[in-house]
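2 protein chains.
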Amino acid sequence: MDEKPIKFGILGCADIARKVSRAIILSPNSTLYAIGSRSLDKAKKFAADNGFPPSAKIYGSYEAVLDDPDVDAVYLPLPTSLHVKWAVLAVEKKKHLLLEKPVALNVAEFDRIFEACEANGMQFMDATMWVHNPRTTKMKEFISDPQRFGQLKTLHSCFTNAPSGDFLKNDIRVKPDLDGLGVLGDAGWYCIRSALWAADYEMPKTVMALPGAVLNEAGVILGCGGFLLWEDGKTSTFHCSFLANMATDITAIGTKGTLHVHDFIIPQDEKIAPFSTISQTAFKPLFIGWDPLPEQHVVPVDIPQESYMVTEFSRLVKSIKEGSKPEKKWPIVTRKTQVIVDAIVESIRKGFVQVQIEA
Amino acid sequence: MDEKPIKFGILGCADIARKVSRAIILSPNSTLYAIGSRSLDKAKKFAADNGFPPSAKIYGSYEAVLDDPDVDAVYLPLPTSLHVKWAVLAVEKKKHLLLEKPVALNVAEFDRIFEACEANGMQFMDATMWVHNPRTTKMKEFISDPQRFGQLKTLHSCFTNAPSGDFLKNDIRVKPDLDGLGVLGDAGWYCIRSALWAADYEMPKTVMALPGAVLNEAGVILGCGGFLLWEDGKTSTFHCSFLANMATDITAIGTKGTLHVHDFIIPQDEKIAPFSTISQTAFKPLFIGWDPLPEQHVVPVDIPQESYMVTEFSRLVKSIKEGSKPEKKWPIVTRKTQVIVDAIVESIRKGFVQVQIEA
Chain H
1 MDEKPIKFGI LGCADIARKV SRAIILSPNS TLYAIGSRSL DKAKKFAADN GFPPSAKIYG
61 SYEAVLDDPD VDAVYLPLPT SLHVKWAVLA VEKKKHLLLE KPVALNVAEF DRIFEACEAN
121 GMQFMDATMW VHNPRTTKMK EFISDPQRFG QLKTLHSCFT NAPSGDFLKN DIRVKPDLDG
181 LGVLGDAGWY CIRSALWAAD YEMPKTVMAL PGAVLNEAGV ILGCGGFLLW EDGKTSTFHC
241 SFLANMATDI TAIGTKGTLH VHDFIIPQDE KIAPFSTISQ TAFKPLFIGW DPLPEQHVVP
301 VDIPQESYMV TEFSRLVKSI KEGSKPEKKW PIVTRKTQVI VDAIVESIRK GFVQVQIEA
Chain Y
1 MDEKPIKFGI LGCADIARKV SRAIILSPNS TLYAIGSRSL DKAKKFAADN GFPPSAKIYG
61 SYEAVLDDPD VDAVYLPLPT SLHVKWAVLA VEKKKHLLLE KPVALNVAEF DRIFEACEAN
121 GMQFMDATMW VHNPRTTKMK EFISDPQRFG QLKTLHSCFT NAPSGDFLKN DIRVKPDLDG
181 LGVLGDAGWY CIRSALWAAD YEMPKTVMAL PGAVLNEAGV ILGCGGFLLW EDGKTSTFHC
241 SFLANMATDI TAIGTKGTLH VHDFIIPQDE KIAPFSTISQ TAFKPLFIGW DPLPEQHVVP
301 VDIPQESYMV TEFSRLVKSI KEGSKPEKKW PIVTRKTQVI VDAIVESIRK GFVQVQIEA
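If you read the sequences in order, they're chains H and Y. Here the first sequence is numbered in UniProt numbering, starting from 1 and rising by one per residue. Here the second sequence is numbered in UniProt numbering, starting from 1 and rising by one per residue.
Take these hints with a grain of salt, some might be off.
Unchecked claim - Here are the simulated DSS-like cross-link-like pairs (lysine-lysine), alpha carbons at most 25 Å apart as the crow flies:
1. 284(H) / 271(Y)
2. 325(H) / 93(H)
3. 169(Y) / 256(H)
4. 271(H) / 328(Y)
5. 284(H) / 284(Y)
6. 175(H) / 256(Y)
7. 42(H) / 271(Y)
8. 175(Y) / 256(H)
9. 336(Y) / 45(H)
10. 350(H) / 169(Y)
11. 284(H) / 169(Y)
No wet-lab data here; the hints were simulated from the structure.
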């Protein structure tokens, strides 16, 4: 059995690539192997600042990373508008692909990436970190429990965050030619994923953006709400914004239980991941107090949640190197998320109408 | 100065009247004086079971309570469809009115009550208990703070509760001829009030029910979501349901701060009222962890929140007896809540359209 770690090449020196570099270092089956930037100096500095080993390859272009035959996989954190070009090229060069979210500007773009992965037998995974946290597994156990949670009836999630400084003027996430989906792609992505996750990735039948979405002068979404309705009547609302203070909640309510988590995207403390649950709750006699009281859970997190993500990705890559097929679950949940993102955009564009999702 | 407590008469033996009887006992300026039921035996049993003093008047009709000249105020917890008749009669008989919510089947009905109170100089208050909890004052201080909270951007609230037994068949809250507003009047009322409360009772310009509302065969709402949009762009969503496990949350997000409370309607422990806040929050470098962490607040509650309500109501009644005018704040916030309730009903009836609220 091959015990060599999966060799990662990183395309570009994005801020988020620093976090993922650390995650690769802390992942037992993965190693930082190469970094490519359009500026060799930036690549050198990035490698020096982010714990790349002395043997790491430093390249002055993205192409050079893709042309290195020893690179097993690439992590691609470029602006979303560049994803199709570089993602397709990477998998054509037989690199497995860990792609930062939002994965594409729309599902048609994503399908080009997905099809290229399929055609080339490459593993795809988007970099939605929270789903890999051990807490997420524990929360899923709760909401899958017929006695403790029952059937999901409604879920609310939010990701609001008001970055300081000149974010609203200069960040790539407010630029139509870079990350044109704005806060919907950056933050709403997680909310939508949380609703799909709780619904066992069953697609809703109706999606609607809520009136009052805020767009900048270039048409990029800075804040919006969304609504999802499934065939069985369960619903989900979400709110994402660059204009409001931090909140990253999931409230999932089932017929028999309720789950709350307040830091589902990035734990407040990366080593401790809490959530709370309550089941079959009633008011006490005279409608005074509750019985039972909520139960607090704390899940220890041995390595950062993004290292769990990298480890799982590398495990799949290794399986493929040993003869397995790519795991299709990951591109499928990515595509479903993108379909909902697109439906929210369409709903906003058409005046907050209900958009039907094809089965 | 008159130190005599305000004398309450209660109309009917509803379950919730047991809680309010206890609240009157525990309220320092109020006393249980009379109970009336269509059944004298039920009234006797209610008085005996709920701590009425031996001197209390036990009547075999509602009229008899209203005809007792020593009754200062009535608490009226009858089914909503009976509110107009008995509320108007009570204030015409010069009884101040503490009226259980939902106050009426629609705002036209409420206006008859409101006008009768005005014409007769009687104090009106609806029995929305949570707004009288000392915690609510503390939470309001937080969301009014320009540094800690800033400007309200969005608020989500929920009140879900799946009562056991034959509730969905036999409770008055699922009967169109008794509490025709169903869960919207029973639980949604609190959610709508919370949004208005956070918005300093400024009315939204647009209200919409969210698709997927669940109605029983008689057309009574068992579960629904709602959306509110204000002129300045702030938004609110809520979800109320008889079909999902308990959740009673407010999440209020401002430009600079976030507030969470999980038991805003009835505290899990009536003597301790918690909430949490966080201000000017950012991710730590590398997007790992949060800084600062949320702050947990615990407000001691000396008497039950419903006793604070009764005490405030009796304070106003006493002021009127001493020559003051009725406090109009309370019927005004009641009316605003009812206007939103009506808009949600209209939106559902018309197929989940946006309903514009007149300024």
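Going down the list of hints, with the structure as the test:
1. 284(H) / 271(Y): OK: residue 284(H) and residue 271(Y) at ~14 Å, within 25 Å.
2. 325(H) / 93(H): Given pair residue 325(H), residue 93(H) holds - Cα atoms ~18 Å apart, limit 25 Å.
3. 169(Y) / 256(H): Given pair residue 169(Y), residue 256(H) holds - Cα atoms ~19 Å apart, limit 25 Å.
4. 271(H) / 328(Y): violated, 52 Å
5. 284(H) / 284(Y): The given pair, whose Cα atoms are some 42 Å apart, is violated under the 25 Å limit.
6. 175(H) / 256(Y): Between residue 175(H) and residue 256(Y) the Cα gap is close to 24 Å, so the pair holds against 25 Å.
7. 42(H) / 271(Y): violated, 59 Å
8. 175(Y) / 256(H): holds, 24 Å
9. 336(Y) / 45(H): Between residue 336(Y) and residue 45(H) the Cα gap is close to 60 Å, so the pair fails against 25 Å, i.e. violated.
10. 350(H) / 169(Y): violated, 41 Å
11. 284(H) / 169(Y): holds, 22 Å
Comparing the model with each numbered hint stated earlier shows that hints 4, 5, 7, 9, 10 do not hold.
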